[in-house]
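Colleague: Residues per chain are reported as follows:
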Amino acid sequence: MTLSNPVPPGEESTADTDLAAEAATVAAGAGSPWYLRLPILSHLRRSVGLQRGMLVTGLVLVLGLLITALLAPLLAPYGFAATSADGTAFGTQQPPSAAHPLGTTVTGFDVLSRVIWGTRTAVAVMVCAVAASLFLGVALGLLSGYVGGWLDRVLVMLADAIYAFPPLLLAIVMSIVISGGQSNAWGGILAAALSITVVFIPQYFRVIRAEVVRLKAEPFVEAAKVVGTGHRRIMGTHLLRNATRTLPLIFTLNASESILTLAALGFLGFGIEPTSAAEWGYDLNRAMSDATSGIWWTGLFPGLAIVLAVLGVTLVGESVNDLNDPRLRTRRKRRRSEKKVAA
Amino acid sequence: MTVVFFLMRITGDPITAALGGRLTPAELAARRAEAGYDRPLIVQYFDYLGGVLSGDFGTTYTDRTPVTEILTTYGAATFELVAYSVVVALLLGVPLGMIAARTRDRWPDAVLRIVAILGYATPVFFVGLLLKLVFSVGLGWLPVAGRISTRGEITMSTILNPSPFYLLDALRLGNMQLLSDVVTHAILPAVALGILTGGIFLRLVRTNMIGTLEMQYIESARSRGVPESRLTARHALRPALIPIVTVMGMQIAMMLGGAVLTETTFEWNGLGYMLAQYMKARDYVAVQGIVMMLAVIVALSNFVVDVIAALIDPRVRY
Numbered sequence: 457m458t459l460s461n462p463v464p465p466g467e468e469s470t471a472d473t474d475l476a477a478e479a480a481t482v483a484a485g486a487g488s489p490w491y492l493r494l495p496i497l498s499h500l501r502r503s504v505g506l507q508r509g510m511l512v513t514g515l516v517l518v519l520g521l522l523i524t525a526l527l528a529p530l531l532a533p534y535g536f537a538a539t540s541a542d543g544t545a546f547g548t549q550q551p552p553s554a555a556h557p558l559g560t561t562v563t564g565f566d567v568l569s570r571v572i573w574g575t576r577t578a579v580a581v582m583v584c585a586v587a588a589s590l591f592l593g594v595a596l597g598l599l600s601g602y603v604g605g606w607l608d609r610v611l612v613m614l615a616d617a618i619y620a621f622p623p624l625l626l627a628i629v630m631s632i633v634i635s636g637g638q639s640n641a642w643g644g645i646l647a648a649a650l651s652i653t654v655v656f657i658p659q660y661f662r663v664i665r666a667e668v669v670r671l672k673a674e675p676f677v678e679a680a681k682v683v684g685t686g687h688r689r690i691m692g693t694h695l696l697r698n699a700t701r702t703l704p705l706i707f708t709l710n711a712s713e714s715i716l717t718l719a720a721l722g723f724l725g726f727g728i729e730p731t732s733a734a735e736w737g738y739d740l741n742r743a744m745s746d747a748t749s750g751i752w753w754t755g756l757f758p759g760l761a762i763v764l765a766v767l768g769v770t771l772v773g774e775s776v777n778d779l780n781d782p783r784l785r786t787r788r789k790r791r792r793s794e795k796k797v798a799a
Numbered sequence: 255m256t257v258v259f260f261l262m263r264i265t266g267d268p269i270t271a272a273l274g275g276r277l278t279p280a281e282l283a284a285r286r287a288e289a290g291y292d293r294p295l296i297v298q299y300f301d302y303l304g305g306v307l308s309g310d311f312g313t314t315y316t317d318r319t320p321v322t323e324i325l326t327t328y329g330a331a332t333f334e335l336v337a338y339s340v341v342v343a344l345l346l347g348v349p350l351g352m353i354a355a356r357t358r359d360r361w362p363d364a365v366l367r368i369v370a371i372l373g374y375a376t377p378v379f380f381v382g383l384l385l386k387l388v389f390s391v392g393l394g395w396l397p398v399a400g401r402i403s404t405r406g407e408i409t410m411s412t413i414l415n416p417s418p419f420y421l422l423d424a425l426r427l428g429n430m431q432l433l434s435d436v437v438t439h440a441i442l443p444a445v446a447l448g449i450l451t452g453g454i455f456l457r458l459v460r461t462n463m464i465g466t467l468e469m470q471y472i473e474s475a476r477s478r479g480v481p482e483s484r485l486t487a488r489h490a491l492r493p494a495l496i497p498i499v500t501v502m503g504m505q506i507a508m509m510l511g512g513a514v515l516t517e518t519t520f521e522w523n524g525l526g527y528m529l530a531q532y533m534k535a536r537d538y539v540a541v542q543g544i545v546m547m548l549a550v551i552v553a554l555s556n557f558v559v560d561v562i563a564a565l566i567d568p569r570v571r572y
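Respectively, the protein sequence lines represent chains A and B. Heads up, the final residue of the first sequence is numbered 799 in my numbering, and it's a clean run with no missing numbers. Heads up, the final residue of the second sequence is numbered 572 in my numbering, and it's a clean run with no missing numbers.
For reference, chain B alone in the conformation it holds in the complex (with noise of 0.2 angstroms):
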C-alpha cells in the first residue's frame, strides 16, 4: 500500500494529471493547496494511512463521493458476480479436472488439456463479448448487459428495506418474474468469469489429483478391490483438494482482476466498473481508493483462506 502511495506521488498529484492543461496555473494551485497536496509528502502520507486505518479511503474528486461509499454501494454487486462464477468454476472444473486425471495421457486428456490453454489464453471480455453475440444478439436467449431490467429494478424499489443482493431480494419478494430477471441477467457474466476461474481449477485438480492417485493407500485401496471411480471420488478428492483451497488464495487476487473486466464488459455496476468509470474519467484520486480498498479485500480473503486450509488439513497447524 505504501508502495503504491509513494509511486502515485513521484510523478505529480492526482489533480494536475486530471486537470493539467485546463487551468492556469493559479488556478490548479489553489486547487491544490484545497486539497492539501502541496503539503511535504511525508506529511501527507501518514494523513493518507491514518484515514485508511481508521477506514477512510478518500474521497473521489469528481462527484465528491467517499470511496468507503463506492464500496457499500456497489461491493455487493462484485461480490455477488464473484460468488456465482466460482460456483460455475467449481462445476467446471473439479470434475474436468477428475476426468482428466483419470484418463491421464489419453484423448479426454489431451482435449480437456488444450481447452484449459485455450481459456488461459481468451481474454474474460472475449469470452464475454462472443457468449453476448450468440446467446443475447443472435438467439435473443439472454439479456445483454445490466444486472437487472428497467421494470425490474421498479418492482425492486417498492421493497421496504433493500439489501444490496438482488438475488435475495427477488427471493424474499417471492416474485418469479422477478427472480428469473435477475437470475438471466447474472448467467452471461457468471459464466464469462467461471471459464476463466474453471480452467485453472481444471488444471490444479488434474495435477494434485495426478500426484494423490500415485499414494500408496491408493494403490492399496485398490487392490481391496475398491471401483476405479470410488477411488477419484471418494479416497482421492478430499486429500487433492487441500492444496487447491491454498491456492484458491492467490486466485482471488486474479479473479478480481477478471471481474474488473467482465463486469465492464457486461455494465454490471461493481467495483469493477465504477473503477473503468472513474479511470476514463481521470478521476485518480477514485481510481487509488478503490484499488486500496480492493488490495485490502483481497488480503483479508488470503488471511480468511490460510485460516480454512489450516481447519480442513490436520497436517498445518499454526
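Extracted from the complex, chain A is given alone in its bound form (with noise of 0.2 angstroms):
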C-alpha cells in the first residue's frame, strides 16, 4: 500500500497494515539524503522502542569509548605508569579523594587514569584483531571456497579444528607463541590482537566459503567465466562483494569478544607490562587482593570499564542484527506510523 492508498481504519492491528506502514517507512528512507542512508544512522531511523533505545545507548557508550581513548592524554589526570608527581608519591591503595578521585592502586598508580588510558589499549587490540581477522578470514575462505579441492579440504579441516578449540585456551596458547611472555606497549597489544584473531579467523572464513561456494554456481559468475574475466577479478568484484552481506553480525559480535578476551588474557597474567601500557585485566588481576581486605576502588572501576565497553558494542551489534532481520524487528506501532503516512 502506497501513500496515495490510505489504510482503511478499523484494522489497526492485522500484520497486513503494519507491513504497509513499514513500507512507506523504508519508501520515505530511499529519498531521503544520501547521510540519513549510512548503515547506523538508517538503522536508528528505522528502529522504534526499546530497540531504539537499545542502539542509542550502545552508540553513546561506543562513542564514549573512542572519544576516551582519543583524547586519554588529554582526559587523564597522570601517566598511566605515573606513582608520583611533583616530586610527592602518589601513597599506594589510597582511598578516592580530590587528587585521586579513584584512589590509587597496590602500587601507587591513579586508578582514573590507567582506566583511561585503558580505553586506548582496549580500543587498539580490538581494532587490530578485528581487522586483521576479518581481511585474513574473509581472503582465505575466498580462496577455499572459489579454488576448492584439496586446498579446500585442508582449510576446512583447519578451522573447525581451531573452531572446536575451547577459544580462551587457544589464545592463551596464541599469546605464549606470539610473544613468548615477555612484552613491551605495542608490541604487547599486537600480540594480544593476534592471538584473538586466529580464535575469530574462522568464524569469517566458515561464512565466506559457504557463501562464495553457493555463488559460484549462479549464472553471473559462469557469465564472467565465458567472457574471460580473470580468476582474481571473479573473486575481488563479483564473489567478494556479494558475499560479505553477513558480515556486520561477526563482526561487531567479535569486536566485543576481543576486549572480554583481551582482559581474560591480562587477568590471567599473560600481557602487556604495566609499566608500558595500562590494560583493564591484569589491574583487576592485582585488585583481586585488595578486596580480600576491604579495598574496593582498584578492582570497580577497571571492571565497570570493561562492561561498559563490551556492552556498547555488543548493544549496537544486536540492534543493528535484529533491525536487519525483518522478523525480530519490532514494526512501529500503527498510530504512530498513521501520522507518517499521513503527512
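No lab work stands behind these hints: they were computed from the structure. Heads up, a few of these hints could be off.
To be verified - Label-pair ranges, simulated between beta-carbon atoms:
#1 A:K681 / B:V480: 51 to 61 angstroms
#2 A:D608 / B:A487: 39 to 49 angstroms
#3 B:R484 / A:D608: 47 to 57 angstroms
#4 B:E468 / A:P675: 30 to 40 angstroms
#5 B:E468 / A:L760: 33 to 43 angstroms
#6 B:I562 / A:R697: 34 to 44 angstroms
#7 A:L760 / B:I562: 35 to 45 angstroms
#8 B:L344 / A:P704: 31 to 41 angstroms
#9 A:R697 / B:G479: 47 to 57 angstroms
#10 B:P493 / A:V610: 31 to 41 angstroms
#11 B:Q531 / A:K681: 51 to 61 angstroms
#12 B:A337 / A:G509: 37 to 47 angstroms
#13 B:A564 / A:V610: 28 to 38 angstroms
A virtual CB, placed ideally from N, CA and C, is assigned to each residue, including glycine.
Take each chain as given, in its own frame, and dock them per the hints.
Modeller: Here's what the structure looks like:
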C-alpha cells in the first residue's frame, strides 16, 4: 500500500497494515539525503521503542569509548605508570580523594588514569584483532571456496579444528607463541590482537566460504568466466561483494569478544607490562587481593570500564542485527505510522 | 591438537622461552638436548603424538609432575565447580527464559534481555570480585576464596580413603559443620560461573520457546482450553529444550574457559588455577599439556552431548 491508498481505519492491528507502514517508512528512507542512508543512521531511523533505546545507548557508549581513547592524554590526570607527580608520591591503596578521584592501586598508580589509558589498549587491540581476522578470514574463505579441491579440504579441516578448541585456551597458547611472555606496549597489543585473531578467523572463513560455494554456481559468475574474466577479478568483484553481507554481525560480536578476551588474558597474567601500557584485566588481577581487605576502588572501576565497553559494542551489534532481520524488528505501532502516512 | 603442537614450536622451544636469558647458551643447549628439543620437529611430533595416545601428556618443566597427575589431582575440583555452576545456570536460565518467551516484547522480556546482555558483557572475574566484595568482605556471610577452610582440611584428612570430591566426603562423614564449610566455599564461585552460563541459557530458552510457541500443536492445545501456564511448562518446554542440549556441547568449551577464570578469581584449586600458576611461572610445557588435556575433555564431552541429543530427540538417528 502506498501514500495514495490510505489504510482504512478499523484494521489497526493486522499484519497487513503493519507491513504497509513498514513499506512506507522504507520508501520514505529511500528518498532521504545520503547521510541518512549510512548504515548506522538508517538503522537509527528505522528503530522504535526498546530497540531504539538499545541502539542509542550502545552508540553513546561506543562513542564515549572511542573519544576517551583518542583524548586519553588530555583526559587522564596522570600517566598510566606514574606513581608520583610534582615530586610527591601518590601513596599506595589510597581511597578516593580530590587528588585521586578513584583512589590509587597497590603499586601506587592512579586508578582513574589507568582506566582512561586502558581504553587505548582496548580499542587498539579490538581494531587490530577485528581488522586482521576480517582480512585473513575473508581472503582464505574466498580462496578456499573458489579454488576448491585439496586446498579447500585442508583449510576446512584446519578451521574446524581451531573452531572446536576452547577459545580462551587457544588465545593463551597463541599469546605464548607470539610474544613468549615478555612484551612492551605495541608488542603486547599486537600479540594480544593476533592471539585473538587466530580464534576469530574460522568464523569469517566459514561464512565466506559457504557463501562463495553457493555463489560460484550462480549464472553471473559463469557468465563472467565465459567472457574470460580473470580469476582474481571474479574473486575480488563478483564473489567478494556478494558474499560479505552477513559480516557486520560477526564483526560486532567479535569486537566485544576481543575486549573480553584481552581482559581475560591480562587477568590470567599474560599480557602487557603495567609500565608500558594500562590494561584493565591486569589491573583487576592485582585488585583481587585488595578485595579481601575491603579495598573496593582498585577493582570496581576497571571492571566497570570493561562492562561498559563490551556492553556498548554488543548493544550496537545486537540491535543492528535485529533491525536487519525483518522477523526480529519491532514494528512501529499503527498510530505513529499513520501520522507518517498522512504527512 | 596437531595445529597447537606446531604453533607452539614455530617460534622456539619451551625451554628457551622459559629460561632464555637466564642461562648461558651452552647450558641452554644441554637442557634442550636433555629434553629432546634438538631433534627434528617431525620426530618430536610423532614422539608427542604417541605419548598423548598412550595417555601421556608430558611432564611439567618447573616441578617435574606428569600432566596426567595434575588432571587426577585437580580435575575433580574443576568438575565439581562446573557441575555446581550448571545447576545454578539451569535454575536461573530456564525459568527466566520461559518468562521472557511468554511475555515476548513486553517489559519483563525487555528487562530480561538487558540482563542477559549485561551477563554476557561482564567478565566472570569481575562478577567474582563484586560477589566477594558484597558477600564476603561487606556482609561477611561467605568465605573469600579457596575450597575449604584450614580447619575443614584437617578434619578432612582424617578420612581413610578420601575421594577428590569434597562434597561427597563431607556427606560421608556426616559432619554438618564440615558440610556447611564445603558448601559455603562453593556458593560464590558457582554463582559467578553460573550467572555467565545462565545468561546464555536464558537466551537459548527464549529463542527456542518463541519458535515452539508458534507451532500449530500449541495452537490446537490452546484452543482445547489448556491454560497458558501449562502450555509453556508442559507442552512447549520439552521440544524447546532439545536444541539447547545440542548447543550445550558448544558451551562446554566456553564454560571451561570461564572455569579457568573463576578458579583463578576464587583460588579454587582446580585445573584452571594450576594453569594460571604455571603461566605465571612461564612453564609452557605444563601449559601446553593442560591445554591439550582440556581440549581432549571438550572433544569427549561434545561427543557425549551428541549422543544424549540423539537419545532425547527421536528425529536424530545416526
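Colleague: State for each hint whether it applies.
Modeller: Comparing the hints with the structure gives:
Take K681 of chain A and V480 of chain B: their Cβ atoms lie about 58 angstroms apart, and the range 51 to 61 angstroms holds. A C-beta distance of roughly 47 angstroms is found between D608 of chain A and A487 of chain B, which places it inside the suggested range of 39 to 49 angstroms. Checked against the hint of 47 to 57 angstroms, the C-beta distance between R484 of chain B and D608 of chain A comes to roughly 51 angstroms, which is consistent with it. For the pair E468 of chain B and P675 of chain A, the beta carbons lie near 36 angstroms from each other, so the given range of 30 to 40 angstroms is met.
Distance hint check for E468 of chain B and L760 of chain A: the Cβ-Cβ separation is about 39 angstroms, which falls inside the suggested range of 33 to 43 angstroms. For I562 of chain B and R697 of chain A, the hinted distance range of 34 to 44 angstroms is satisfied, since their beta carbons lie about 43 angstroms from each other. At roughly 39 angstroms, the beta carbons of L760 of chain A and I562 of chain B sit within the given window of 35 to 45 angstroms. At about 33 angstroms, the CB distance of L344 of chain B to P704 of chain A agrees with the hint of 31 to 41 angstroms.
Checked against the hint of 47 to 57 angstroms, the pair R697 of chain A and G479 of chain B passes, with Cβ atoms roughly 54 angstroms apart. Checking the proposed 31 to 41 angstroms range against P493 of chain B and V610 of chain A shows it holds: the Cβ atoms sit about 39 angstroms from each other. For the pair Q531 of chain B and K681 of chain A, the beta carbons lie near 58 angstroms from each other, so the given range of 51 to 61 angstroms is met. Range check, A337 of chain B to G509 of chain A: about 38 angstroms between beta-carbon atoms, so the 37 to 47 angstroms window is met.
Between A564 of chain B and V610 of chain A the beta carbon distance is about 30 angstroms. The supplied range of 28 to 38 angstroms therefore holds.
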